[in-house]
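There are 2 protein chains.
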Amino acid sequence: MIVSALLTSVGINTALCVLFFTLYSILRKQPSNYEVYVPRLLTEGTSKRRSRFKLERLIPSAGWVAKAWRLSEEELFSLSGLDGVVFMRMITFSLKTFTFAGIIGIFVLLPVNCWGNQLKDIDIADFVNNSLDVFTISNVNSGSHWLWVHFSAVYIVTGFICILLFYEYKYISSRRISYFYSSEPQPHHFTILVHSIPTSSSGSISDSVQSFFSELYPSTYLSHVVVRRTGKIRSLVNEAKKMYKRVTQLRSDSTQQKNTQRGFPGLFSRKNSVIYYEKKLEDIEENVRLKQLEASLAGEEARAAFVFFKSRFGAATAFHLQQSVNPTHWITELAPEPHDVYWPFFSESFMRRWISKLVVVLVCTTFTIVFLIPVVIVQGLTNLNQLEILFPFLTSILTIKFFSQIVTGYLPSLILQLFLKLVPPAMEFLSSIQGYISHSDIEMSASRKVLWFTVWNVFFATVFSGSILSMFNTLLDPKNIPGKLAVAVPAQASFFITYVVTQGWTSVSSELFRVIPFIFSWITRPFTSQDDEFEVPSTPYHKDIPRVLFFGLLVGIFALKKLSLASTLTMPLPVLTLLFNEYCRKRFLPIFVAYSAESLKKKDRQDQNDATMTQFYENLVNAYKDPALLPIQHSQNNDNLRSPLISQA
Amino acid sequence: MIVSALLTSVGINTALCVLFFTLYSILRKQPSNYEVYVPRLLTEGTSKRRSRFKLERLIPSAGWVAKAWRLSEEELFSLSGLDGVVFMRMITFSLKTFTFAGIIGIFVLLPVNCWGNQLKDIDIADFVNNSLDVFTISNVNSGSHWLWVHFSAVYIVTGFICILLFYEYKYISSRRISYFYSSEPQPHHFTILVHSIPTSSSGSISDSVQSFFSELYPSTYLSHVVVRRTGKIRSLVNEAKKMYKRVTQLRSDSTQQKNTQRGFPGLFSRKNSVIYYEKKLEDIEENVRLKQLEASLAGEEARAAFVFFKSRFGAATAFHLQQSVNPTHWITELAPEPHDVYWPFFSESFMRRWISKLVVVLVCTTFTIVFLIPVVIVQGLTNLNQLEILFPFLTSILTIKFFSQIVTGYLPSLILQLFLKLVPPAMEFLSSIQGYISHSDIEMSASRKVLWFTVWNVFFATVFSGSILSMFNTLLDPKNIPGKLAVAVPAQASFFITYVVTQGWTSVSSELFRVIPFIFSWITRPFTSQDDEFEVPSTPYHKDIPRVLFFGLLVGIFALKKLSLASTLTMPLPVLTLLFNEYCRKRFLPIFVAYSAESLKKKDRQDQNDATMTQFYENLVNAYKDPALLPIQHSQNNDNLRSPLISQA
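As you go down the protein sequences, you meet chains A and B in turn.
Each residue of the first sequence is one higher than the one before, starting from 1 at the first, in UniProt numbering.
Each residue of the second sequence is one higher than the one before, starting from 1 at the first, in UniProt numbering.
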């Protein structure tokens, strides 16, 4: 690659950036897009869809960037909550890191590299035709003491990033704790979910829960709600919703037609069908109400319950202890936030949860590994001859060179993209039948599955396909790896360095990016379930591989450049960063996993003199009410039935 | 190998067995060995060392075996506690397993193998010169339906073992729970150990502990004992002990001499030296008492304390919750039993513990990996020429063929054995400086280290040395592994089958043997610390490798014998046993790790009406008293000082 090619690439990317920025700045001002860009302001009613046209709406503007940038952290917190603050800190952290590394790279390392003439001297006259290799470490002369500058740069940048990272981690954990202290009482802090409740011949599940928890936690146990099987009601409610939509549609149609085509014969029949569907909707709603009444009085109990405690400390205690002598009974989880509960799949037995999990892991692994096979087969069908046989009418078009080029050039990649579009929904479906009881858990699990899918398919299948055997041969002789990598650097620079450096350094520099999805989920949901499936926080070491590879590469380069002292002195660096990572994990990760006894007790004490707590305790039971058991009312009659028929105990 | 060789080997081993059995049965009857064989009866005073000689003592007897066998489980429990019961069950379990497998092997599989003639027909006339291969599956004809007998045998034996194992596991866990219910109150059930207590400028560590725990656990916190640094006192106490031993020795010497050599001049000086050492002992004891007084009043506090609770449930709660907002402060562990506390190394800070652990892991890994290098070098020095140069006087002896054969044949293995003797104490030393706070933890950790050392050095270094590259080449082509293994069976039968079958099947059959060291430690110490170093219970999968390898071997054999359906149908077996293992882990392991809330509460309720609990609470503080602070009194004067000077708060 030569300099002019790089500059062209930079130019194209910059132009694209400006284009997207302009588009965004225009699109966000269109009232029809408000739902996408300012949904919260819409709900709060502070922003209204103005239908009047203004020229200003079509002119790109950059003022909002400055405005967003000038916000203090407290303003940001009040506007977008803790998530916004953390996200903003991520961005400033990355900026700091890349600025620092960039300054060192451009003003220190680049001159050192150009100064050397191992490959060739830099050609100032014909600058744009210089090979990019002239600007890399490959151009520094072997054994030159200028290599120590590179050595120092690695230590300085790594040290800078670690220090920055430590303080960032510390700050965000302190924000999380202070957010907890300042928050209103949250139902899910006082609640645990118990499943695999053993059935007893003597009484109902509800009685078992009552006696079990009032015996174990007499001073903190408050009450409970047993989960009921509401699959049938749920499908009836969905049916009613669909029917209501149809009725509304028909009604608005008939009103429009009344206005435009007065007395037309079709109107009568349409009015009739409105009446028919309204009657049907009423029937379904009546049916739902009866079923709800039946369910709340004598409905089939699932072997799971939400158990409420008088204090956060009480709920945490019940969560952390193993409840029953039999470890597969009375299994506790922290309750998700009320709106986050995934009601449809309440897999209640230990064995069923476990088996469905195993099946999902198996299916998901198979899917990930064999995914490329059908894609490649389908891609194979898209050569010209095959297409002409399958779709004879295309023959005339495909003889045109332009079209045939598009077909052979873009069709395979289009097919791959279409197949890839299937992955996220497929993974989300798999996660949803795995036994998770909250939407956020399902999403987290699906994201992890997609991540693993991507790592496997993009990294292993694409990059190393065909060369896996030669890679293993290298691994058999580990002491040569750095050397081999270093020799391969100039030749393979374009791909390998790009991969290692981008993956490696973003991994080093943004320890926080690794955690950010978890941080986000931790903010909304303070404890993560200890799940050993694809758990990233507990086994983050695979993420260290690119970084260690990068350091290994450096060791190889220094050795090849005949500066063996530097080569040896680089070796402690990967060990030190791994230890730093491990220390951070011990020092900060527990804060994001569970609240400490100290903070729970402090928060509970705040509430002791709060008069509204009695009200809060009363509402707690209603917070975890199955939505399928909530009263519905779409039809316009039966106003007397609009009051809730049921109350769940 | 031929039949006669096998029979010879069986004969030698049987003879050795009988010899050792006879020796044991004689040696255990000698009063001088009572300390080794019946230490408990000696302490209890039910058995006395009879000095009178009886002929019976020299005649081997086998009655004690029958007596031991006839004991019911309850008798065994009352005689040797739960450990004895569990050990006996292990033995009967293994007997059952091997009897079942043996019957199937001898009466079903062996006839099937002999019936075939793939290798050659069995030679009944010259039975002892048949090759052993005739009795193996290799001799069954390819494609023969008799192979289905082997197939069924594998499923039946595996199923039998799994069912037996499940009930055994279930029974032992229920015994453990009922043992807990029936036991007397144990101090370590009411106590936790807190370390990494933050220092505060305002008060002492003791004040911090008091305010922290009385605030967090107002209803269950009882009191605490801060650990004090007593290294100096400990060395003084040891000095006093040595001195006391010397004085006792001198005194008995001078008494003996008084009786035999009345008035001899040496007596006077010896008497003088007794007086001198007695004076010195008194001085040291006085010094110890002063230092103890000083330490208990204003001694340097370590940042660790034993915290006592009014109930087991309270202690368990405090243990399971993260205490402090800063996860590296106020770290809780379950207290070891009082006599089990390892006082000398009270590494109290989080960082120091962590660093010493890292260093130990590093040293231990290096030691394990490079162990064989010096051994091989030393062995290399033991060739005859080297020896003759180093020790010229040996030349004449070494020319005798017998001696030179001994030297070249046994010396290398002797050297290896001597080096191996160093391993357990070295590992124990490493574990002791790693920051464990109980003797049993140190021993467990040392055992794990020795286990890993053995696995690495015996298995990898000895068996696969030199062939590691060819092994990797096999792994690169995984679908051929079963085939290659199966082809290798006849040739390598002697070693490979022996390894896989003994390792594999004992692993399958004695899931419990895997857990037995942990069970033993769990019985004496109910919770194991969650330590990720070499933790076996949490990562037992490496133990499944031989078993899966065994099943892989079977798949290969069936494929090679052209019975591909059996080959395919064998594949689910390893998956099923792995799932069985996983299920057992989920169902039973937690019972051995921690007591459930249910059982803790039940046990606490038993004590509520127990009048002796007040006394127990009072003694709790004294149970965890540093032995270095206990009063010592060896010298015969100063009787007024014999009462304890100190009381630790």
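Just so you know, these hints were derived from the structure itself, not from any lab.
Bear in mind that the values here come from a model prediction, so they are computed numbers and not experimental data.
Beta carbons: idealized from backbone N, C-alpha and C, even for Gly.
Treat each hint with caution, since some may be false.
Example chain B residues on the side facing chain A (calculated, C-beta under 10 Å, incomplete) [as the list claims (entries may be wrong)]:
no. : residue
1   : E215
2   : L216
3   : F429
4   : L430
5   : A594
6   : S596
A quick look at each hint next to the structure:
1. For the restraint placing B:E215 at the interface with chain A, the shortest Cβ-Cβ distance is roughly 7 Å, inside the 10 Å limit, so the hint holds.
2. Of the supplied interface hints, the one on B:L216 holds, with its beta-carbon coming within about 5 Å of a beta-carbon of chain A, less than 10 Å.
3. For B:F429, the interface hint is violated, since its Cβ never comes within 10 Å of a Cβ in chain A; the closest pair sits about 24 Å apart.
4. Given the 10 Å rule on beta carbons, the hint for B:L430 is violated: about 19 Å separates it from the nearest Cβ of chain A.
5. Contact between B:A594 and chain A, as hinted, is supported at the beta carbon level, the nearest pair being about 6 Å apart and thus within 10 Å.
6. Hint on B:S596 holds. Least Cβ distance to chain A is approximately 5 Å, under the 10 Å limit.
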